[in-house]
Structure formats: C-alpha cells, structure tokens
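Visitor: One-letter residues, chain by chain:
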Amino acid sequence: MTPLQIRRLKESAIEKFFMSNGLIAVIILLGIFSLLFIEGYPALKEIGFSKIFLSSKWNPTSPVQESYGILAMIVSTLMVTLGALAIAVPIGIACAAYIADVASPRMREIVKPVIEILAGIPSVVVGFLGIIVVGPALAKLFNTSNGLNAINGSILLAVMSLPTIISISEDAIVSVPQEFKNASLALGANRWQTLIKVTVPSAMSGIIASVMLGMGRAIGETMTVLMACGNAPAIPQSFLDPVRTMTATIAIELGETVQGGLHYRSLFVIAFVLFIMTFLVNLVSDTVLQKYQKVHSQ
Amino acid sequence: MKWNQIKINQQLGFFIIRLSAILIICTLLFILYDIFSKGSGSISWEFLTDKPRMGMTKGGIWPAIVGTFWVSLVTIIFAVPIGMFTATYLNEYAKQGRMIRIIRLAIRNLSGVPSIVYGLFGFALFTLMLNLGLSVISSGLTLGLLTLPWTITASEEALKTVPMSYREGALALGATKWQTIRSNVLPYAVPGMLTGTILGLARAAGETAPILFTGVAFFWPILPKFPTLLGQQFMALPYHLFIMSTQHHEIVKVRPLAYGTALVLIVLIISMNSLAIWIRYRFRKKYKRV
Numbered sequence: 001m002t003p004l005q006i007r008r009l010k011e012s013a014i015e016k017f018f019m020s021n022g023l024i025a026v027i028i029l030l031g032i033f034s035l036l037f038i039e040g041y042p043a044l045k046e047i048g049f050s051k052i053f054l055s056s057k058w059n060p061t062s063p064v065q066e067s068y069g070i071l072a073m074i075v076s077t078l079m080v081t082l083g084a085l086a087i088a089v090p091i092g093i094a095c096a097a098y099i100a101d102v103a104s105p106r107m108r109e110i111v112k113p114v115i116e117i118l119a120g121i122p123s124v125v126v127g128f129l130g131i132i133v134v135g136p137a138l139a140k141l142f143n144t145s146n147g148l149n150a151i152n153g154s155i156l157l158a159v160m161s162l163p164t165i166i167s168i169s170e171d172a173i174v175s176v177p178q179e180f181k182n183a184s185l186a187l188g189a190n191r192w193q194t195l196i197k198v199t200v201p202s203a204m205s206g207i208i209a210s211v212m213l214g215m216g217r218a219i220g221e222t223m224t225v226l227m228a229c230g231n232a233p234a235i236p237q238s239f240l241d242p243v244r245t246m247t248a249t250i251a252i253e254l255g256e257t258v259q260g261g262l263h264y265r266s267l268f269v270i271a272f273v274l275f276i277m278t279f280l281v282n283l284v285s286d287t288v289l290q291k292y293q294k295v296h297s298q
Numbered sequence: 001m002k003w004n005q006i007k008i009n010q011q012l013g014f015f016i017i018r019l020s021a022i023l024i025i026c027t028l029l030f031i032l033y034d035i036f037s038k039g040s041g042s043i044s045w046e047f048l049t050d051k052p053r054m055g056m057t058k059g060g061i062w063p064a065i066v067g068t069f070w071v072s073l074v075t076i077i078f079a080v081p082i083g084m085f086t087a088t089y090l091n092e093y094a095k096q097g098r099m100i101r102i103i104r105l106a107i108r109n110l111s112g113v114p115s116i117v118y119g120l121f122g123f124a125l126f127t128l129m130l131n132l133g134l135s136v137i138s139s140g141l142t143l144g145l146l147t148l149p150w151t152i153t154a155s156e157e158a159l160k161t162v163p164m165s166y167r168e169g170a171l172a173l174g175a176t177k178w179q180t181i182r183s184n185v186l187p188y189a190v191p192g193m194l195t196g197t198i199l200g201l202a203r204a205a206g207e208t209a210p211i212l213f214t215g216v217a218f219f220w221p222i223l224p225k226f227p228t229l230l231g232q233q234f235m236a237l238p239y240h241l242f243i244m245s246t247q248h249h250e251i252v253k254v255r256p257l258a259y260g261t262a263l264v265l266i267v268l269i270i271s272m273n274s275l276a277i278w279i280r281y282r283f284r285k286k287y288k289r290v
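Residue numbers (the numbering used here), protein chains in the order written: chain A, 1 to 298; chain B, 1 to 290.
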C-alpha cells in the first residue's frame with residue numbers, strides 16, 4: 001500500500017468512528033422504545049386493552065381481585081399539565097414579548113440569567129417548596145386539610161415549564177423580520193399595536209412549539225408531582241383533589257414489584273404510554289418549528 | 001379622545017407584560033430567599049462532613065455529597081466523549097441527507113423523554129440485563145443517557161462558532177479532514193463544549209427520578225475505597241432531600257436538615273452554572289481578540 005492509500009484508509013476509518021457515535025443516539029431511542037414495549041406487551045396481552053385504558057381502578061396488589069386500569073392516572077397527568085399551562089402560557093408569552101420587544105438592555109441582562117437559574121433549580125427542590133410553602137398556603141386559601149393536590153402540582157409545574165416557554169418564544173419573537181414591524185409602524189400603529197397585532201402573530205408557530213415543549217416537560221416531570229400532589233389514585237373531580245400522575249405511580253411502585261410479574265410489567269405499560277405521549281408532543285413541536293424556520297429563512 | 005384611549009392601552013399593555021417579567025424575578029428571588037434564610041442555620045462544618053446519625057435526625061450529609069460526586073463523574077466519562085464525537089460527526093462530517101435527519105430527530109426526541117422513563121430503562125438495561133446491580137455505575141450511566149442529548153447539542157453549538165476560514169486554511173495547505181479538525185477546529189471548540197458539559201452535568205446532579213431504581217439508597221453511610229464504591233449503592237443529595245421531606249418518620253423535626261440539604265444542592269448547581277457561564281464569557285473574549 002502506498003502512503004496515500006494508508007492515509008485515505010485512516011481518514012475513512014476516523015469518519016466511520018465519528019459516524020458510529022452519531023448512531024448511538026438513534027440506538028438509544030430505539031432501545032428505550034423496544035425495551036418498554038417488550039417488558040410491557042405481555043401485561044397488555046394478559047390484562048387486555050380495555051381493562052387497562054378504559055378502567056380507572058388501579059389496585060395491582062389487591063389480594064382479592066387485582067385491577068390495572070390507568071385511566072385515572074392519565075386524566076390526572078393531563079389535568080395537572082393543563083393547569084400548569086393555563087398559568088405558564090400567558091405569563092410566559094407576556095414575559096417573552098417583554099424581553100424581546102420592550103425591555104431595556106439593562107432589564108434584559110437581569111431577566112435572562114434569572115430564567116437560566118430558574119431552569120436549573122432541581123425538581124426535587126421545587127417539590128420540597130411545594131410541600132412546605134405552596135401546600136400550606138393553598139390549604140389556608142381554600143380551607144382544606146392539606147394543600148397537596150392537583151392545583152399545587154400545576155403551580156409548581158408552571159414554574160418549571162416557564163423557562164422553556166419563555167426562551168423558545170423569545171427566540172421566535174426576536175426573529176420576526178424588522179420589515180414587518182416597520183410596515184406596521186409606518187401605517188400609524190403604535191408599538192403596542194404592532195407587538196400584539198403583527199409581531200406576536202408572526203411568531204405564533206414558534207410560540208406554539210414552545211408551549212408544546214413546556215407541555216412535554218410537564219407531562220414527564222416526576223419528583224415535583226410525586227411530592228406535591230397528594231398521590232390519591234382516583235379520577236379527580238376538581239383541582240382541589242389529590243391526584244396521582246403516571247410518573248408518580250411508576251416512582252412509588254416499581255420498588256415493590258416482583259421483576260417480570262404482572263404489576264412490574266404494567267408499570268412498563270404506563271412508561272410506554274408516557275413515552276408515546278411525550279414523543280408525539282415533541283414531534284408536533286418539532287414539525288411546527290421546522291416549518292416556521294423554513295418560512296423565515298425565505 | 002380615541003387617540004388617548006390608544007395611548008392608554010399601550011401603557012397598560014406594557015405595564016402588564018412588564019409585570020409578568022417582574023413576577024418571574026420575584027418567584028426566583030422568593031425560592032432563593034426561602035431556602036437560604038431557612039437553610040443557612042443548619043450549615044456547619046459538622047453538617048457538611050459528617051454522616052447522618054440517630055436515625056437521620058442528627059449529623060450531616062457527607063455521604064450524599066460524595067455519592068453525588070461519584071455518580072456525576074461516571075456521567076461525565078460516559079456522556080462527554082460520545083457527545084463530542086457525535087457533535088463532530090454532525091457538524092464536520094455529515095452531509096445533508098436522510099441519515100443526519102434521523103440522527104437529529106433521535107437527539108431531539110431523546111431530550112424530551114421523561115426522566116422517570118430513563119430511570120426505568122436504566123433499571124431494566126444496566127441493573128438487570130447487564131447485571132450491574134444497584135450501583136454508582138448503573139446510576140451514572142442512566143444519568144449519562146439523560147445528559148447525552150444536551151452534551152451533543154452544546155458541543156455542536158460550540159463547533160458552529162469556529163469560523164469556516166479556520167478549516168479552509170488548513171485544508172488549503174493540504175491537511176486531511178481529520179488533521180484539520182484536530183488542529184484547527186477542536187482546540188477552539190473545547191471551551192464551548194466544556195460550558196455545555198458543565199450545564200448538562202448541573203442538571204444531571206439535581207435529577208432524582210433516574211437514580212431512584214438504579215442504585216440510590218435511603219441510608220448508606222459506608223464509603224469504600226475508589227474502585228469498589230462504583231459497584232455499590234450510594235446516597236445522593238437530591239434523593240436525600242426527597243427522603244427528608246416526605247419519607248422520614250419525624251418530618252417536622254428533620255425539616256431544618258432538609259432545608260440545609262436543599263441549600264447545599266442549590267449552591268452546588270448554581271455554582272456549576274456560574275462556572276459554565278464564566279468559561280463561556282472568557283471564551284468569547286478570547287475569540288474577539290483572534
């Protein structure tokens with residue numbers, strides 16, 4: 001072999017090495033999907049689809065009649081998540097619009113690190129404050145025995161999903177072309193009218209993507225809801241009821257199960273559903289974001 | 001009159017969105033104030049260097065600090081090289097096409113997978129299938145998987161900031177692709193990669209759900225020597241806080257200890273974030289001079 005051939009061989013070997021590393025991410029994703037499916041499928045087959053997804057009775061350790069309905073958990077997860085979004089979306093979009101369009105440079109220098117630090121606060125610390133600060137405050141406000149319920153979880157998850165919503169919405173609002181705003185201002189609209197009638201609507205797809213990502217975070221959050229929501233496994237009637245989400249159920253029960261048993265496998269079914277839910281939410285936000293980037297790069 | 005109305009609307013609108021920003025600042029200040037004011041009383045030399053005593057109602061959190069350290073080390077060793085190599089492939093080698101689209105899609109979706117699902121996956125894969133048991137290794141690898149999408153994204157951002165002309169210069173002199181990357185790209189991207197890595201690690205150090213089933217222990221004060229400890233269970237700061245605030249039999253009595261643990265955890269994470277931001281700042285300044 002000539003030196004040149006050796007060099008070419010070496011180069012292509014190095015490229016292959018880097019490529020194989022790139023494939024690891026794909027392998028992990030497929031690995032998670034298939035492992036959850038393999039571990040969960042036997043339970044799905046044995047218990048039956050309707051007894052899992054259409055029943056809200058979850059009692060896998062009952063000595064008389066075990067039941068594996070996960071409907072109550074799905075409803076609880078969605079309820080806490082939607083509550084969180086109801087709080088976080090208006091505040092998040094307003095804050096993003098403020099940073100992107102109104103704030104003075106000095107104010108921006110303050111708000112941006114604040115959001116970064118907020119994003120870094122561990123979920124277990126947020127949950128801790130949920131128990132000690134938010135819970136008692138809610139109990140006093142609504143006159144209930146304790147404040148560990150769905151609304152507590154929603155408030156905490158709102159705090160946790162705000163950084164995601166704000167930073168991505170802000171990117172979207174900042175990247176609205178200046179011409180759009182100039183055109184609006186030239187027609188006699190003032191800055192506020194321009195902001196809410198031109199700038200924010202133009203950034204809408206980015207904002208929607210940010211909300212979806214925030215939603216994904218809220219659905220998958222574990223420790224916060226485990227600590228602050230009261231963990232009652234029933235379909236909640238109101239936001240003041242204690243709830244137990246899908247994530248919390250896995251966290252509470254996996255340690256007590258027998259490996260390979262029906263209870264163990266049913267937890268993998270929950271994880272699989274969770275995986276699919278967040279996958280879809282991310283996919284939607286991704287599609288919206290891609291489309292929006294295409295529009296703006298034209 | 002109408003004109004006045006429009007002006008008032010603008011004032012009101014700006015006021016409301018400014019208020020939302022102030023609300024967020026206040027939320028953070030409140031969180032920090034609450035934890036600092038109530039946690040600082042428990043901080044003492046003994047608290048930081050002693051193990052928990054008397055059924056965890058006395059003593060300190062040293063084993064939890066050490067446990068968090070070792071798990072984070074395994075996380076870095078696993079996630080950082082793979083993250084850097086993947087980013088190098090995506091930014092330097094890969095051509096636009098289906099392959100790169102699939103890899104990117106996988107990375108984005110991995111970053112959205114809930115941490116508890118990583119925990120379950122790590123439990124089934126590392127603890128059971130690969131027979132690593134409940135150990136520092138299993139937990140570190142699980143956290144490594146969780147951190148991977150962040151290290152990849154951060155490393156890629158860092159590679160993107162290296163100007164094209166650096167590569168062109170080397171290539172024009174006859175260097176091969178790999179020589180170019182090694183001498184003219186990676187050295188300039190490493191500080192940026194480091195920033196992203198530390199940020200990712202700070203998030204991993206605060207995670208609880210992924211280590212829940214893969215090795216973290218309620219109480220594990222024994223600290224064996226280096227290689228043996230990797231195969232054993234451990235205590236970790238976030239899990240210790242969880243235990244102290246929900247599972248302990250004397251919850252009110254140990255509350256100051258829980259606050260102290262929260263304070264140590266928050267200080268650890270904020271200082272890691274600040275370190276990362278400082279490196280990024282230095283790096284940018286250096287760049288401007290080039």
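Rather than coming from a laboratory, the hints here were simulated on the basis of the structure.
Among the hints, erroneous ones may be present.
[What the hints assert, rightly or not] Chain A side only, calculated, beta carbon under 7 angstroms to chain B, not exhaustive:
no.: 1; residue: Ala-13
no.: 2; residue: Ile-14
no.: 3; residue: Ser-34
no.: 4; residue: Ala-271
no.: 5; residue: Val-273
no.: 6; residue: Ile-276
A quick note: this is a predicted structure, and the numbers were derived from the prediction, not measured.
Each residue gets a CB set at the ideal place from its N, CA and C atoms; glycine is no exception.
Visitor: Determine for every hint whether it applies to the structure shown.
Guide: Against the structure, the hints:
1. Ala-13: With a closest approach of 9 angstroms, the A:Ala-13 hint is violated.
2. Ile-14: holds (5 angstroms)
3. Ser-34: violated (10 angstroms)
4. Ala-271: It holds, given that the least Cβ distance between A:Ala-271 and chain B is near 5 angstroms, below 7 angstroms.
5. Val-273: With a minimum Cβ separation of about 10 angstroms from chain B (threshold 7 angstroms), the hint on A:Val-273 is violated.
6. Ile-276: violated (11 angstroms)
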